[in-house]
Amino acid sequence: MRVPLLRLNAHTLIVPLHADVDDEGVLSFQSDLTGRVSADQVTGVVIDVSALDVVDSYMARVLNDTACMVRLLGACVVVCGVQPAVALTLVEMGRNLVDVPTAFNLERALVKLEQLVVATNAGDPRTGAPDASADD
Amino acid sequence: MHPQTIELGNSGDLLRARLAARAMAKQIGLGVMDQTRFATAVSELSRNALVYAKGGCCELRDFSDQVQIRLQAEVRDRGPGIVDLQRALSDGFSTSGSLGAGLPGTQRLVDHFDIQTGTAGTVVCIQIVRRRRT
Chain V
845 MRVPLLRLNA HTLIVPLHAD VDDEGVLSFQ SDLTGRVSAD QVTGVVIDVS ALDVVDSYMA
905 RVLNDTACMV RLLGACVVVC GVQPAVALTL VEMGRNLVDV PTAFNLERAL VKLEQLVVAT
965 NAGDPRTGAP DASADD
Chain G
3 MHPQTIELGN SGDLLRARLA ARAMAKQIGL GVMDQTRFAT AVSELSRNAL VYAKGGCCEL
63 RDFSDQVQIR LQAEVRDRGP GIVDLQRALS DGFSTSGSLG AGLPGTQRLV DHFDIQTGTA
123 GTVVCIQIVR RRRT
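Which chain is which? The protein sequence lines are V and G, in order. Count along the first sequence from 1, add 844, and you get the number used in the working numbering. Count along the second sequence from 1, add 2, and you get the number used in the working numbering.
Be aware that a few hints might be false.
Between beta-carbon pairs, the in silico distance windows are [unchecked claim]:
#1 G:L91 to V:G967: 25 to 31 angstroms
#2 V:A854 to G:G123: 52 to 58 angstroms
#3 V:E868 to G:V85: 26 to 32 angstroms
#4 G:G123 to V:E951: 33 to 39 angstroms
For the record, the hints were derived by calculation from the structure and aren't laboratory data. Predicted model, so just to flag it, every value in this text is computed and none were measured. Quick reminder that beta carbons are idealized off the backbone N, C-alpha and C, glycines included.
Please work from the sequences and hints to get the whole structure.
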């Protein structure tokens with residue numbers, strides 16, 4: 845089963861990871877997502893992991909890698925909906941297993957994403973906008 | 003509860019091992035946090051068997067008595083064995099390009115962790131032990 849990539853608007857994708865995604869599904873998700881982000885010039889991606897009741901070190905790595913890839917393409921990423929038990933096991937297993945911006949839920953993730961996109965654009969000297977140090 | 007054995011041959015079996023581990027943990031009365039610890043640990047070990055030894059099997063057993071809940075998972079494979087066990091058990095070491103949190107991470111999730119490895123394969127046995135609430 846493929847992971848759906850939902851188009852919220854012209855520049856935002858929402859990606860709900862489902863609980864029974866296997867390793868092949870995860871890898872095709874990575875290539876599908878980077879392909880879509882690049883083809884559609886998406887500026888923001890929300891990865892919703894609320895359906896995942898287990899995130900092992902492999903899945904954590906895939907999440908980190910995917911976020912890195914998407915950022916390299918020029919988009920921002922927010923992960924939302926990490927379950928309490930998942931947060932607990934990830935921290936117990938080792939620090940820094942997930943190193944991406946996170947939010948409680950989809951709604952807050954979209955707000956955070958918008959802030960990230962604005963901050964990224966502001967920090968880009970080519971847009972002529974004031975740089976990031978002007979923020980905060 | 004009856005022991006359960008899950009053969010590990012492909013990544014779909016990982017999912018089955020994980021689901022079976024959680025179901026068993028839930029059924030014998032472990033809380034959500036411990037269910038997740040156990041399922042995550044089983045997932046890590048089963049994945050190791052699959053990645054490094056092209057498969058193996060995972061056996062789940064309930065050793066609970068009146069005093070405590072004791073749930074065990076034993077993952078065995080017939081792979082080449084772990085050459086440097088001490089390094090494999092230390093944080094940040096990986097031969098497969100992963101985060102290297104698998105074995106040491108699993109060790110931190112459970113109460114008992116025993117690993118035996120040799121040229122005939124690797125056997126990892128983990129247990130979660132909890133005192134029963136009266």
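Hints, verified against the model:
1. Take L91 of chain G and G967 of chain V: their Cβ atoms lie about 42 angstroms apart, and the range 25 to 31 angstroms is violated.
2. Evaluation of the 52 to 58 angstroms hint for A854 of chain V and G123 of chain G yields a pass: the beta carbon distance comes to about 54 angstroms.
3. The given range of 26 to 32 angstroms is respected by E868 of chain V and V85 of chain G, whose C-beta atoms sit roughly 28 angstroms from each other.
4. Distance hint check for G123 of chain G and E951 of chain V: the Cβ-Cβ separation is about 49 angstroms, which falls outside the suggested range of 33 to 39 angstroms.
Violated hints, in rising order: 1, 4; the structure is consistent with all others.
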